[in-house]
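Novice: Residues 1 to 148 in my numbering are what the sequence shown spells out, letter by letter.
Just so you know, not all the hints are guaranteed correct.
[To be verified] For lysine to any residue, the following SDA-like pairs were computed, each having C-alpha atoms within a straight-line distance of at most 25 angstroms:
#, residue 1, residue 2
1, 18, 98
2, 18, 32
3, 8, 20
4, 8, 76
5, 8, 126
6, 8, 31
7, 10, 139
8, 8, 128
9, 10, 108
10, 18, 121
11, 18, 29
12, 18, 108
Hints are computed from structural coordinates only; laboratory data are not their basis. Computed from a predicted structure; not experimentally measured.
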Amino acid sequence: MWEELSNKIKSILEANDKIQEVYDYARAQFEGEPAAIVIPNDNEANYYTTTENRRVYSFSVFLFIARGEGGNLDDRTADRAMRDLVDSVIDDFDSDWRLTGFNNPTGYTLLFVHAANSAWGYAGSDMGYRMAEVILRCEVDVDTTLIS
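Required output: the full structure, derived from the provided sequences and hints.
Specialist: Take a look at the structure:
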């Protein structure tokens with residue numbers, strides 16, 4: 001399920017015209033920016049019966065905008081651009097909370113996705129990127145009799 005969710009999240013981010021590059025692995029340099037990295041973050045599970053399980057697959061979406069000497073934007077402009085970028089990513093998942101077209105693997109039923117929270121900071125060896133992390137939580141029902 002991790003791979004299927006990761007691929008769908010990546011495709012939604014790739015459709016966002018504010019993002020130039022999307023990666024599904026950690027990366028230090030980007031071909032273009034703003035850039036996004038999607039990586040698994042955490043998971044939870046609750047058993048309701050011997051055949052039903054509710055899982056939460058959590059992903060970190062890291063967003064990067066170059067700033068200062070290495071980038072095209074001064075600090076103030078990069079910060080304002082990041083505000084707009086974070087809003088657009090959260091809007092993408094708020095408006096497609098069922099991941100339209102998502103093909104549930106056998107035994108899994110995606111219930112919904114929501115942006116749980118975000119944290120901001122700076123990244124890069126010279127702190128040359130304004131960075132924000134948006135956490136996506138994907139809630140899934142699992143029929144344990146159908147998975148292998």
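Novice: With reference to the structure, classify each hint as holding or not holding.
Specialist: So, going through the hints one by one against the coordinates:
1. 18 with 98: holds, 22 angstroms
2. 18 with 32: holds, 11 angstroms
3. 8 with 20: With a Cα-Cα distance of about 17 angstroms, the restraint between residue 8 and residue 20 holds, given a limit of 25 angstroms.
4. 8 with 76: This hinted pair is violated, its Cα atoms lying about 33 angstroms apart.
5. 8 with 126: Given pair residue 8, residue 126 is violated - Cα atoms ~32 angstroms apart, limit 25 angstroms.
6. 8 with 31: holds, 22 angstroms
7. 10 with 139: holds, 17 angstroms
8. 8 with 128: Given pair residue 8, residue 128 is violated - Cα atoms ~29 angstroms apart, limit 25 angstroms.
9. 10 with 108: holds, 20 angstroms
10. 18 with 121: The hint holds at about 19 angstroms.
11. 18 with 29: Within the cut-off at roughly 18 angstroms; holds.
12. 18 with 108: Violated, at roughly 32 angstroms.
The earlier numbered hints that this structure contradicts are 4, 5, 8 and 12.
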